[in-house]
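Visitor: With chain H fixed as given, assemble chains S and V onto it according to the hints.
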Amino acid sequence: MENLQLLLHGFEGALSFANLTSAVLGALLGTIVGVLPGLGPAATLALLIPVAFSMRPDTALIMMTAVYAGSMYGGSLTSVLLRVPGEAASVMTALDGFEMAKQGRAGSALAISAIGSWIGGVVALGGIVFLAPPLAEFALKFGPTEYFAVMLAALMLSAAMMGGSIVKSAIAICLGLMISTVGTDLQTGVPRFTMGVTELLDGVEFLSVIVGIFGVGEVLWYFREIRQGGASAERLALKGRLWPSKQEFRDSAGPIGRGTVIGFLAGVLPGAGPIMASVISYMTEKRLSRHPERFGQGAIEGVAAAETSNNAASAGAMIPTLTLGIPATGTTAVMMGALMMWGIRPGPMLFTEQADLVWTVLASMLISNVILLILNLPLIGMFVKILDISPKFLMPAIIALAVVGAYATNNSMIDVYLVILFGVVGYFMRLIGLPPAALVLALVLGDRFEQSLRQSMQLSGGHPVVFLTSPISAVALAVGLFAVVWDATKGYRNKKKAAKAAAHEPAA
Amino acid sequence: MKRAEQWVTLALMAVSVAYAYSAFSIKVKLDDAIGPRAFPLLVSGVMIVLCLLNLVGLARKSGDEPAALGWSEMAMTVLGVVYCVLMPVLGYVLSTALFMAGGIRVMGEKRWPLTLVVAVVTSLVSWGLFARMLGVTLPTSPLGIL
Amino acid sequence: MKLARWIALLAVVAIAVSALAGCAGAKSSKYPAKSIELVAAGSPGGGLDTAARVLDDVVKKEKVNANFVITNKEGGGGNVARSYLVEKKGDDYVLIYESNRVWLNNLMGTTQYSIEDTTPIARTTTEFEAWAVKADSKYKTAQDIIDAVKKDPASVTFGVGTIPSDDQFNILRPLMAKGVDVSKVKLTAFRSGGDLMTNLLGGHVDVISTSVSEAAAQAEAGKARILTVSSDKRLTGKAVKDTPTWKELGIDVVISHWRGLFGPPGMSAAAVKYWDDTLGKLVKTKSWTDALAKMEQEDAYLNSAAFKDYLLKEREANKPIIEKFVGQKKP
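Protein chains in written order, with this note's numbering: chain H, 1 to 508; chain S, 1 to 146; chain V, 1 to 331.
So that you can see chain H by itself, here it is in the shape it has in the complex (with noise of 0.2 Å):
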């Protein structure tokens, strides 16, 4: 209880005029730079540091959390309008809400997932509140060994559910794994598959697989669909209402709640909380669907329990990092990096010292949410304007919007051709229904999955009995084999029924 009434003080704190401003102006150009592909939240904090540092340290750090809180919600808005993630947290929302505009309903879409984002958000903080102490040190129980049980169940969980068939998911998912070991060898040093490209050292840029697969493949395989009578040339979306309906309205609730809780947990295991909490919840809402082929077609339900999750995620991450003063993700490093410009020392006792401001700033994140809810209800109207303008000047912006925010990454062109080489993967792996939704999964997790299997093993000098001594690590692999054994006897059962089905299976 102690901590609500720190938190009521921090309102106090975090609804000063001056506070107040910069919680819009962060949010506005939050959102912005999420709807630019190549513009992450981290290095636009990074490039605000210099005008951050002229400012008080609450006031500051308010504009921080308002520019991630933005930039999440403006990469859900290019997902859905545009199928370009914004960032691959935003994976998943392209999936259904990119369908949903091509039937009329991207103000559906967008309204449930700022609703949902909301909702989470401010559930999350609540979490935060309440559950910090004894969910960081349930974060700490993740070792390498867990880390790599639990995110071997999430690939396993993704190729039995992500549509198509199990093979096809994880041929899907093995290329992401490939893509993932080009660079420097953690735990040698050693460059891999590099070919001898200085720019490749480093790995290849999430980003632009993302934007090349989804954004450039997208428009190729647009062409595609115009050639067979799918599509139109001269417009991209049917006119549709703004609002969502009742119906739909019914079918995100429960998705917003399971999102909210399964996000929150992600998000407090540090890594790749946001992308995970969104392909695991999406994947729940499938399986507890009464029309699992919806899925991918347009389902609410998907982009409501992508988008909680996502934004629950971010707001779990911060428990880490408030707790145990270890940031969770980029844009909490360069927050905390900023921290010690004002010679705020970050770390375990930053709770303790500092609590006016960590409690300011954590009631700034929920005016923040509430900020961005007002700002961008309204601006629906607006937003879905951009599917009235012809394909035909659209598609080729797409490509140049996908290409500049590739550049702006990382300033290199290596980053520009990889888009171009992953536009003509996605389209071809639309052509044969492999889930491009797979590949990002395992692209991300890749890394870490592979390094915590030999962190794991090094640990306990080579011993596979550790993933199922550990509890957690059992579970999580018990979970994992469970989904594909049972998706692989259900097809046995309906053999005659699954070869039909597996016969025409449009791609997730």
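Mixed in with the good hints, there may be bad ones.
Distance condition first, Cα-Cα at most 27 Å in a straight line; then the derived DSSO-like pairs of lysine-lysine [stated by the list, open to error]:
1) V/K273 to V/K308
2) V/K184 to V/K324
3) H/K385 to S/K110
4) V/K138 to H/K141
For the record, the hints were derived by calculation from the structure and aren't laboratory data.
Guide: Just chains S and V, lined up with the frame of chain H:
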């Protein structure tokens, strides 16, 4: 679609084999429990098996209509590559305008004036947003921003 | 293609104009006659970027006659910045902020360039390394750990940030000095300092080697204990003032995770002298010491000649470790 899928699967297999081959050239000195080669070899092994499974599954299926690649997809890809090559030479603004103009033509727009206006405006607006507002350094040509 | 001809013509004119402008600049005798590009060989917000921004800040505060334009070239573990520096050969208006990767990457075989392909200007700041254990660890001193490892090299697990790095040298070099068979030691990389600390606090690894400031933050909160520091003299911070150095433990090892400024190869003697004079004065100012205290960095100023000497010695000292225990040699 069957023919296309067979070809793509074969291409993926070829990539996996090349990948496995280059995994062997990773130099290892200190023998860890699992070195830098093991994981890539494991993944490429699984990949090759999966591709074979997919091919077997395909062979059982009856073939349907051949999936020809459209010229417009290829034209757009070529344009994209040309765009990348030209960007460091001509600078962002000029190369983007050229790419946009080409892309809009490929999409089937016939009116040149409209095409050029849209191309130039898109290029300048995106340059203003990224380079001016957000401070991203974009490639320039010897002509300055143009 | 009239357009193409126009472009070609304009390009020729533009190149001619910029070449003339370049000559005009070179004629001026006073250094620096224009802005200097200060390249941080890391991403915005990282250690090298912060170092560059702090230097820029102090230069402005002290009204030094030099104007920096900071750029980030983070790719390829600093190798992108390194190639850029070589391209700028003989240019007095480019400086780069780098760390020991200036020789390390070459020994690892990821770049052909080494110390010789730069003009060392100054070592500016440093951080020292620490061995830390969890607060309730059974190991009370570094000697306990060394004894245990001597008996059975695989009995203790060590964690570091990346490999190769000063984190890792801070484990291998002291152990080698004590005659431990380090090829059997369990040493694991955890990528970031944050991951490393989480694994220590969660009890997944016994001992970590990390920067003193990261270890001190946890030690002050009572969550970890610091056993040794890698400096040559005792440090002054609250958490480390009673912590012994390697030398006090009878091990002749000092590991300094420094950051320094380099010019392109073939930088003019006049420019190097300018920086020796300017920086030599700058590091004695209060703005500089205040900035370092905030960033928890130690002053480690060496002028150009001393820095070059130091670099060559450091490379020689670490070469055997790289060749023996890390990855591959130069191809």
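Visitor: Find the hints from earlier in the document that the structure breaks and name them by number, from lowest to highest.
Guide: Violated: none.
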